[in-house]
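Enquirer: So you can see what is in the structure, the chains are spelled out below.
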Amino acid sequence: MPTLPDDLRLLEAESIAILREVAAAFTRPVMLYSIGKDSGVLLHLARKAFHPSPIPFPLLHVDTGWKFREMIAFRDETVRRLGLRLLVHRNEDGVARGIDPIRSGSALHTRVMKTEALRQALDRHGFDAAIGGARRDEEKSRAKERVFSVRSAAHSWDPRDQRPEPWRLWNTRLAPGESVRVFPLSNWTEMDVWRYVAAERLPVVPLYFAAERPMVRRSGALIMVDDGRLPLNPGEVPEIMRVRFRTLGCYPLSGAIPSDAATVEDILAEMRASRTSERQGRLIDGDEPASMERKKREGYF
Amino acid sequence: MTTPLNSTLNSSVTSAAALVAEPAAGRGLLRFLTCGSVDDGKSTLIGRLLHDAGLVPDDQLEQARRDSRGRVETEGDIDVSLLVDGLEAEREQGITIDVAHRFFATGRRSFIVADTPGHEQYTRNMATAASTASLAVLLADARKGLLTQTRRHAIVCSLMGIRHVVLAVNKMDLAGGDEAVFSAIARDFQSFAEPLGFRSVTAIPLSARRGDNVVHPSGAMPWYAGPTLLAHLETAEVGDERTADGPLRFLVEWVNRPDPDFRGLSGTVLSGSLAPGDAVTVWPSGRPARIARVLTFEGDVARAATGDAVTVTLEDAVDAGRGDLLSHPGDAPEVADQFAAHLLWMAEDPLMPGRSYLLRAGSRWVPATVTTLRHALNVETLEHTAAQTLELNAVGLCNLSTAAPLAFDPYTANRDTGSFILVDRYTNRTVGAGMIQHPLRRAANLHPQELAVSAAERADLKRQRPAVLWFTGLSGAGKSTVANRVERLLHALGHHTMMLDGDNVRLGLNRDLGFTDADRVENVRRVGEVAKLMTDAGLIVLCAFIAPFRAEREAVRALLPEGAFLEVFVDTPLEECVRRDPKGLYAKARSGALKNFTGVDSPYEPPIAPELRLDTAAEDADALARRVVEELRRRGIAGA
Chain A
1 MPTLPDDLRL LEAESIAILR EVAAAFTRPV MLYSIGKDSG VLLHLARKAF HPSPIPFPLL
61 HVDTGWKFRE MIAFRDETVR RLGLRLLVHR NEDGVARGID PIRSGSALHT RVMKTEALRQ
121 ALDRHGFDAA IGGARRDEEK SRAKERVFSV RSAAHSWDPR DQRPEPWRLW NTRLAPGESV
181 RVFPLSNWTE MDVWRYVAAE RLPVVPLYFA AERPMVRRSG ALIMVDDGRL PLNPGEVPEI
241 MRVRFRTLGC YPLSGAIPSD AATVEDILAE MRASRTSERQ GRLIDGDEPA SMERKKREGY
301 F
Chain E
302 MTTPLNSTLN SSVTSAAALV AEPAAGRGLL RFLTCGSVDD GKSTLIGRLL HDAGLVPDDQ
362 LEQARRDSRG RVETEGDIDV SLLVDGLEAE REQGITIDVA HRFFATGRRS FIVADTPGHE
422 QYTRNMATAA STASLAVLLA DARKGLLTQT RRHAIVCSLM GIRHVVLAVN KMDLAGGDEA
482 VFSAIARDFQ SFAEPLGFRS VTAIPLSARR GDNVVHPSGA MPWYAGPTLL AHLETAEVGD
542 ERTADGPLRF LVEWVNRPDP DFRGLSGTVL SGSLAPGDAV TVWPSGRPAR IARVLTFEGD
602 VARAATGDAV TVTLEDAVDA GRGDLLSHPG DAPEVADQFA AHLLWMAEDP LMPGRSYLLR
662 AGSRWVPATV TTLRHALNVE TLEHTAAQTL ELNAVGLCNL STAAPLAFDP YTANRDTGSF
722 ILVDRYTNRT VGAGMIQHPL RRAANLHPQE LAVSAAERAD LKRQRPAVLW FTGLSGAGKS
782 TVANRVERLL HALGHHTMML DGDNVRLGLN RDLGFTDADR VENVRRVGEV AKLMTDAGLI
842 VLCAFIAPFR AEREAVRALL PEGAFLEVFV DTPLEECVRR DPKGLYAKAR SGALKNFTGV
902 DSPYEPPIAP ELRLDTAAED ADALARRVVE ELRRRGIAGA
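The listed protein sequences derive, respectively, from chains A and E. One point on numbering: in this note's numbering, the residue at position 121 of the first sequence is 121, and numbering is uninterrupted. For this note's numbering, count along the second sequence from 1 and bump the result up by 301.
What you were told as hints is all true, and nothing was included just to trick you.
Simulated restraints, written as ranges between beta carbons of each label pair:
hint: 1; chain 1: E; residue 1: R604; chain 2: A; residue 2: R201; range: 23 to 33 Å
hint: 2; chain 1: E; residue 1: R511; chain 2: A; residue 2: G220; range: 31 to 41 Å
hint: 3; chain 1: A; residue 1: R242; chain 2: E; residue 2: D378; range: 36 to 46 Å
hint: 4; chain 1: A; residue 1: P176; chain 2: E; residue 2: P518; range: 50 to 60 Å
hint: 5; chain 1: A; residue 1: G126; chain 2: E; residue 2: D562; range: 24 to 34 Å
hint: 6; chain 1: A; residue 1: R160; chain 2: E; residue 2: R604; range: 44 to 54 Å
Negatives, chain A to chain E, calculated, CB over 10 Å:
hint: 7; residue: P58
hint: 8; residue: V79
hint: 9; residue: R97
hint: 10; residue: D123
hint: 11; residue: R217
hint: 12; residue: R218
hint: 13; residue: S219
hint: 14; residue: V225
hint: 15; residue: L232
hint: 16; residue: N233
hint: 17; residue: E236
Hint data in this document are derived by calculation from the structure and do not stem from the laboratory. Keep in mind the model is a prediction, meaning the values are calculated, not measured. Every residue gets a Cβ at the ideal spot worked out from N, C-alpha and C, and that includes glycine.
Isolated chain E (complex conformation) (with noise of 0.2 Å):
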């Protein structure tokens, strides 16, 4: 090593404080997104307002000239869009497909931008831009006025918490500069924006591809004497993103234990601040403590505020781990396993209403369900709709109900604690972005009301392990064959049973049901419901139903003590069910008179490790029901 490692130690401490304030972060740093629709001008935009500025490095802006070759009208032009677009599919297509950030400083502010697609595919891209951004610039091409997807995006940007938008009104060089035009739309916006609730909403007219009002005033439209795009990011006032003031919410994110003695909550504080002494309560748990210790790599410190990655340690050996939230005791967040909340659906697989998703808040990952869509909101008119389903990109009002409680505020006062995300179990997709609105009273209200006798004396009585079996597989698979010919077995050797079939529970408790697979998750739900009751009541259940979604078995089996639900696949190839037929529906799905028919029109998924694999076609359902009945004793259920 030619310099020794003390000298470059010594080279970085000269007047350290003062090199390291910078200028451009005078008034803070301003996140904001562009968004609107598609070939509104979004990358031009910011490649524009970077450009202009004087932001670009001379290479990059060579590598644009070089690029845009074959783009521009006069050789040694540049297409700006070049200096934002960067995936390959995105050049090739001229188009904006995922969000790009850009950092950028100008004298006044610092900023990053999220510059986001406008395709309606990729909305869920844009709405994740705008969840953590406190501005928003939404373009309208002055000659198309306000599109569906510029609505839909200041939708989004409002139940993301932004309040303050900047409506772009771009290619005006195009629309001949004309003053009409852009109040014509400016207007429309204001009263389409009314009931959104954003603070401020400031309209520039501009062309991001000539630079008019983008950095720099434009002659073309003198009647405009407002500021530049610019000029009014440098400016704007939107309040502290953060909320300091507000009440301590500090996430416990890891739990740090170096050693036996010493054990640490290590977190952030997402508001207010906290201090050594303070009481606290630890949530959803409702446990008191008091903070003894707020380290930090530097030593101890006397306060942690807003924003603070700290550890903390507390006076007692209370419990506290990761996910749990700690608050001052005059500050409680709300805890509930029931709430209502805003939901941006983010897959291609429409949302089921009754089905087991993982839900993140905070650090905490808990199973939710769906229990009711409220309504769908109509992005175009804002109005209220019935909703059987989500599809991509729609937003709903939703209950969801948790498998444990959740400590959270709703969103508009806090956008860290008041968020969460859904996860498709099976696939791990990230498929719901959620905005809570408040807790549902019935939550408060609702308290499992403690029986006199419990399920296992009500079993004891019988002499008999009460349990679920679960037969499933296609339709004229055998499932009804099979299970009835178990009843039998069981019932001769003296235990209690109960069958539960599908089309005997669709001519009663569900008969409301239809065959969408949204009615399809909620009948198995019942059903589950009802199989866990008798279960209680001390019977062996037995349930023949196709319920062709894992996600739903596993739901049921996730009701039932470890062990009670069996899964018994009755494994029969789609074309020997269909060779069976045996009430003829085959024939009817496949001459399109009967619609959602599983194995034809509709998905069917096999159990991936079923405690039971029925081959149909290797024996009869006499010595099939032998082998179940086998497999009962084999696990204690049935008797001797």
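Just chain A, same shape as in the assembly (with noise of 0.2 Å):
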């Protein structure tokens, strides 16, 4: 049994503590999994709270169709092998409205395939508590979340009116039609995460480590064509690179960086050495200054 450095375990109790809180302080919660490194940690550590006792709540993915073909095979994958109670919603009304990451653009795909489909899913189901693998070094407006974060019926975030959060003293009630996102991994870097995921032997997806795989050249990114639907533009010609993925999302809009990290623990060092941030390959952050912020906001996660 792999035993954990100090930090990393105050790290792990004090997410576990925080998902207990929810399953006993909610009525219907629902875990979101978007399949990534932050959701496959998220999920051990709820496995890891509720023990012996199944997971008390669903797992939501909210798919937007344009996920890496990778993903949604080793989403299925872990769910089978975990004997998961999965839920998948997608966007239908986007669907047939055409919406996609290429034609459409990132702002729109992104409100209409993951934020209005996520609030879809939230009403259908009628959750009233959605945890999320966010971390609070992802991002500036992230750096500002609640754990416990109160959304209106609405669905939308007012970063200005956010409840203060003294200790571990979590303020966990609801208006009728308020609900709240919860995010254990709050204290958590993409270093623990890594750490974690090390000391955890924890699967993840092969994306994350370096490979031979067709690419293009996309305004400054590194864009896989995973698939036919990528239009190639005049002259384009996808070229076998060696690289790999910091972050998982549609893949249109996921940039990788060219590496020879191939385990866990050639990451980590490419981590230590590495000069810029998790998210500079998240082309939808680029969108308009201060965008993530507007996107939770309305809602997104």
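Reassemble the complex: the two chains are provided individually, in unrelated frames, and hints are given to aid placement.
Expert: Dropping the structure here:
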């Protein structure tokens, strides 16, 4: 059995306590599962928190239809292996309107297929608490996010009117129609997540590891040609490159980095030497100034 | 899938133990906060710290360089505060509104820093950050010295249990790098902070804008021989935040019942440790028990230590659940339903002594009331001042009373078991943060006296069901008029009644109370207690009081058995009450001769679901009184 270093052990315990609080304080909780490394850690923590009981809430994947094929395969394999309850929701209205990340642009695609889709799914099932894997070290507006973050009946977030959260005394009281977003990994960093993945030997989507992949260069980012839906510009020929991904999302919007890191050990070594941030490959963050904050106000996770 | 799952699994197994040990965490984690008055340069300081220590990723640096255009003197320079202030409104206004948490690690230590707002209106956010920090960097502007807000933050840090402070005297470049300026501020702070009980105060002269003494020692202040801010943070001894060798405190967060044969208590060891076979006591009930197993996902363990999240089972079927606290028998927590605590008020609506709030301590929620506001703390002088309420960001020492006993420790002994929050029952806002000092003796020494004749026996003798009829509505609505007629009808039916009227009570029992919001709350509380005693005597009690706040009417309802409190809303529009103005009070209020008058310059909160609503525009007083009696008959309160 791996023994965790003290700092990870305390982060783990803090997150487990938060997950138990959600199970005890809310009627219909759900855990967002987006297949990435943070979701994987969150899922593992939930299994630990409730053992020997099964996880007392379902998982929800908001599928835009544009995830990497390896992500979907990994998701289905994980659900099968662990016997999980998984709900998959897609905004069919968005599909019917022909929204996609390439022709509609990243901003519209994200709003319709992620933010709106999430709101639809939460409303349809009447979830009053949605657990997500966001961390405060990811982005400036996330750095200001509460652990238990209240959303109005319209799912909107008011960053100027957040409940103070002294100690670990969560205020879980809600008015009818309100819900909370809960972030058990608030105090984790990208490095903590990878160290934890290593220590607990958690499986992750192979896209995190360096491999030869067919890539094209678009506005400074390396985009993988994951399937035939990515239109190639005139004269554009996919180039086989050795790359990996630091974050995973819709494949036309996720930039890869050239890398030789083929193991978790390599990834940790690469991160220690890195001069760029985790989300630099995320095209959706750069849509406009304060773009994450605006997305969050509208109900994005 | 191009890579089989096994290969990913295998790839992460390589020498796992060696690579997860983070060298940067050698000295452990330091949680600290930066605080101080607005414009003292807190965000600039954090930005500078991260920037000069080489901890800002290139893409974020580039972003900040772009955002800095027009904000800095030299093209290409960086306004380092942009590295931390993240909300749109913050950037627009150039201020920090909410706490930002930053994570960084150097070769010697890893850090979580909370960058907190300086504006007085956001003090609650600063206090939140202080509640989990073990060191505070308190900024002062070299040109301004100690401001009110600097003192306020020092006091909040002290109350929140922070024992190590760095006084960062910033903007030394604008004070000519003058040693005398620095020494004067440092001396000032030392004498002010004397009673605050800090174990260490380290003053450092610096310039966040230029980077002097933040990460690199500065040649601009050759007289200063101490450490840079970063060097100090890397080496500061702050002691262990969690009390590993303290008495066992295990908080039950969730009852784990996978099947009818297994009942586990899932929770966190807040201090001390526990092992199978340990005799324990379950609080607040005080029941003895013994630990059978300590479970984790990886299997049973021989011992759970401070900070561990585990699941325990007990040998006997002892009643224990969420919110309970386990201790070893010799190390019991305090158990009381009355205690003294420091309260930091966090809401725009002031604290109302006597009002019922929801209190959360550990994972337990319980209704609570501030019974006495002993004093407020003057945050400039530390003097105790008399106060009726606490306004936003004020700190006071209070006596609290809870609806059920709590198990706790003094805050100075354990931050986890000695803290609580207060939540408004209607808005659900977190309105107060409390730090328990000690239980009140009276809680231990007052026991309800068992009476020889019960309330039910007294009621039987009168052949009636006692109840409280609470007539609420604006002044002039007709409350007393209708209540008087109801009482006459009940009397005629042979019922024993008593009428409590606002004016009459204020001439006697409550002659010491005025008409401020706090006094109105106390007025209703006392009347509620008197009405309850009268129902114990078997009477049907009629109360005609405006009782403008929902919270207090609900508090009276909570005093009485289910079904014994009837809220009768005498619903007369304000215009109609003003037109009637039977006592000439509206005229006085409108002319300004009468302050705090309900409906004019003081609010009225109408009932949401009253047992009866009387429309005085539709029916006259006699008809309304008959409807009330009819309702009492229907409920079996008044005779057949």
